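Participant: Make the full structure from the sequences, and use the hints.
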Amino acid sequence: MRKTIKIDPVTRIEGHARVFINLGDDGRLESAGLVVNELRGFEKILIGMEADRMPHITARICGVCPTAHHLAASKALDHACGVTPPPAAVLLRELMYMGHIIHSHALSLFVLQGPDLVMGLDADAAVRNVVGVVQANPELARMALGIRTIGQKINELVGGRGTHPVTSVAGGISFTLDQEKKGILGRWIGEAGQMLEKITPAVKGLLMKMLELHPAMAADWLLPSWALGTVWDGRISLTSGKLRAIDEKGATRAEFETGDYHRHLSEAVVDWSYMKKVALKIDGLHDYRVGPMARINVAQRYGTELADAEVAQFVKLGGSPCHSTVMQSYARLIELIWAIERAGEILEDPAIFGETRVPVRFCGSRGVGHVEAPRGTLIHDYQIDEKGIVREANLIVATQQNYSLINHSIEQAARSHVIDRPDDGALLNAVEFAIRCYDPCLSCATHAVGRMPMQLVVTRGGAAVRTIGR
0 MRKTIKIDPV TRIEGHARVF INLGDDGRLE SAGLVVNELR GFEKILIGME ADRMPHITAR
60 ICGVCPTAHH LAASKALDHA CGVTPPPAAV LLRELMYMGH IIHSHALSLF VLQGPDLVMG
120 LDADAAVRNV VGVVQANPEL ARMALGIRTI GQKINELVGG RGTHPVTSVA GGISFTLDQE
180 KKGILGRWIG EAGQMLEKIT PAVKGLLMKM LELHPAMAAD WLLPSWALGT VWDGRISLTS
240 GKLRAIDEKG ATRAEFETGD YHRHLSEAVV DWSYMKKVAL KIDGLHDYRV GPMARINVAQ
300 RYGTELADAE VAQFVKLGGS PCHSTVMQSY ARLIELIWAI ERAGEILEDP AIFGETRVPV
360 RFCGSRGVGH VEAPRGTLIH DYQIDEKGIV REANLIVATQ QNYSLINHSI EQAARSHVID
420 RPDDGALLNA VEFAIRCYDP CLSCATHAVG RMPMQLVVTR GGAAVRTIGR
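At position 20 of the sequence shown (counting the first as 1) the number is 19 in numbering that gives the first Met the number 0, and the numbers step up by one without a gap.
The reader is advised that the hints may include incorrect statements.
Said to hold, decoys possible - With a straight-line cut-off of 30 angstroms between C-alpha atoms, the simulated DSS-like cross-links for lysine-lysine are: (1) LYS197 with LYS315; (2) LYS208 with LYS197; (3) LYS203 with LYS180.
To be verified - Distance windows between CB atoms, simulated: (4) ILE183 with GLY353: 18 to 26 angstroms; (5) GLY119 with ASP282: 40 to 48 angstroms; (6) GLN193 with GLY353: 25 to 33 angstroms; (7) TRP271 with PRO358: 25 to 33 angstroms; (8) ARG27 with ARG262: 46 to 54 angstroms; (9) ILE46 with LYS248: 39 to 47 angstroms; (10) GLU29 with GLU344: 45 to 53 angstroms; (11) LYS248 with ASP219: 16 to 24 angstroms; (12) ARG390 with GLY318: 41 to 49 angstroms; (13) GLN178 with GLU155: 15 to 23 angstroms; (14) GLN178 with GLY62: 27 to 35 angstroms; (15) GLY353 with GLY233: 21 to 29 angstroms; (16) VAL269 with ALA125: 51 to 59 angstroms; (17) VAL269 with PRO349: 49 to 57 angstroms.
The hints are simulated quantities; they were obtained by calculation from the structure and are not laboratory data.
The model shown is predicted, which means the values in this text are computed figures rather than measured ones.
Even for Gly, the Cβ is constructed at its ideal location relative to N, Cα and C.
Facilitator: Structural data, given as structure tokens:
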């Protein structure tokens, strides 16, 4: 008899979803996947709005990565108006964005995944949480949360608000830096760097311990795939550059401007989820990954001393390109190191004190902008009429692009537990940990309006016979 397992809700991720696991008559896994039932609505909401409101409105798609949408929207408006922001504006936008990356990666590593790493997947759910981490390792927790706080403070100072920034606008940024603010930012960046230097060995040790305790993660959680990331002057960039696609062997298959994304990316609706999936269409359709590990696979160089030294260790451990699901967490740590280094570099660039805006005018055009969001490539595409009103909008976000690989990772995590360890708790923990390795943002992926809880359900013959939740 066929059987389906559902996990509902999946915990410690952004948003709400459920997992289904379908078993055949022989009890073997047939299929598995992530179902997102939040209403996809933001693209339609944007139609008819004034274009200059896009950076503010789209920031509200998500409370975890608002700055990514804020900046992608601003860059789309720059493109629509045919303007190039002044060098100071480019640097200040990037400084704000480094604060966002620091905050988001620290949140993912230490708050969402931290309980799994510190407490272990077999720990009781009652203690496998942030409070449990604080009790088990108070010094690690103090510094980890301190780093996250500093990232948010940088974002707030430069962006005007912590959660939904307001300063990045068409043509530049409505923020200027003075010596007093530079001193404050410098102290914060220095403190974050010192704390991260102290805890990096411990975090790497926890990741390696996870792989040692769960050999299947190292041996079986591998997904050879294409990758997409942004490259500028031969190195990884999050805010400027061209998109580069590589195949599963690491060969560059395409490099293109954001405005040409529709020639290389194919969106498709699935009938069991509100989240669209995206494939690379280069000599056929290919599943691909985005995010910190994809970026390392694409370029392998950040251009700063500490981050590049860690990239060398990453390649030594995971290969090039790396296809390990769990190693995505190590890549996220490396990018956190880089964001702190890069923030310090930006602050010392004398061009940061120049003009911060240029005049703009909407005259009926298309604007496309992108950034590398914490979770991967984010694209905003607007068609704007001569009155400055948005007539069409399309958003392609990171979790959509990772969707196929997330589903494959769920299958890999479930396969051994369904048959070899028929334990609800072990199955639930393994599947959730696999999902968290991608740091998914479901509100972004569905451009959500509304919320929906999540579960894991097992079915046979279309009938649910087992439901797992917390």
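Participant: Each hint: holds or not?
Facilitator: Now the hints, each set against the structure:
For a cut-off of 30 angstroms, the pair hint linking LYS197 to LYS315 stands: about 22 angstroms separates their Cα positions. Taken as a hint, the LYS208 and LYS197 pair is honoured in the structure, with Cα atoms around 18 angstroms apart against an allowance of 30 angstroms. As the CA atoms of LYS203 and LYS180 are separated by approximately 34 angstroms, the hinted pair breaks the 30 angstroms bound. Between ILE183 and GLY353 the C-beta distance comes to about 20 angstroms, which sits within the given range of 18 to 26 angstroms.
At roughly 43 angstroms, the beta-carbon separation of GLY119 and ASP282 lies within the given 40 to 48 angstroms, and the hint holds. A hinted range of 25 to 33 angstroms holds for the C-beta pair GLN193 and GLY353, which are about 30 angstroms apart. In this structure the hint that TRP271 and PRO358 lie 25 to 33 angstroms apart at CB is violated, the actual value being about 48 angstroms. In this structure, ARG27 and ARG262 break the distance hint of 46 to 54 angstroms, their C-beta atoms being roughly 40 angstroms apart.
At about 42 angstroms, the CB distance of ILE46 to LYS248 agrees with the hint of 39 to 47 angstroms. About 51 angstroms separates the C-beta atoms of GLU29 and GLU344, a value consistent with the hinted range of 45 to 53 angstroms. For the pair LYS248 and ASP219, the beta carbons lie near 20 angstroms from each other, so the given range of 16 to 24 angstroms is met. Between ARG390 and GLY318 the C-beta distance comes to about 46 angstroms, which sits within the given range of 41 to 49 angstroms.
Range check, GLN178 to GLU155: Cβ separation about 19 angstroms, and the 15 to 23 angstroms hint holds. Remark: the range hint 27 to 35 angstroms for GLN178 to GLY62 is upheld by a beta-carbon distance near 33 angstroms. Range check, GLY353 to GLY233: about 26 angstroms between beta-carbon atoms, so the 21 to 29 angstroms window is met. Look at VAL269 against ALA125: about 35 angstroms separates their beta carbons, and that is not inside 51 to 59 angstroms.
A hinted range of 49 to 57 angstroms for the beta carbons of VAL269 and PRO349 is consistent with their spacing of about 50 angstroms.
In summary, the numbered hints that this structure violates are 3, 7, 8 and 16.
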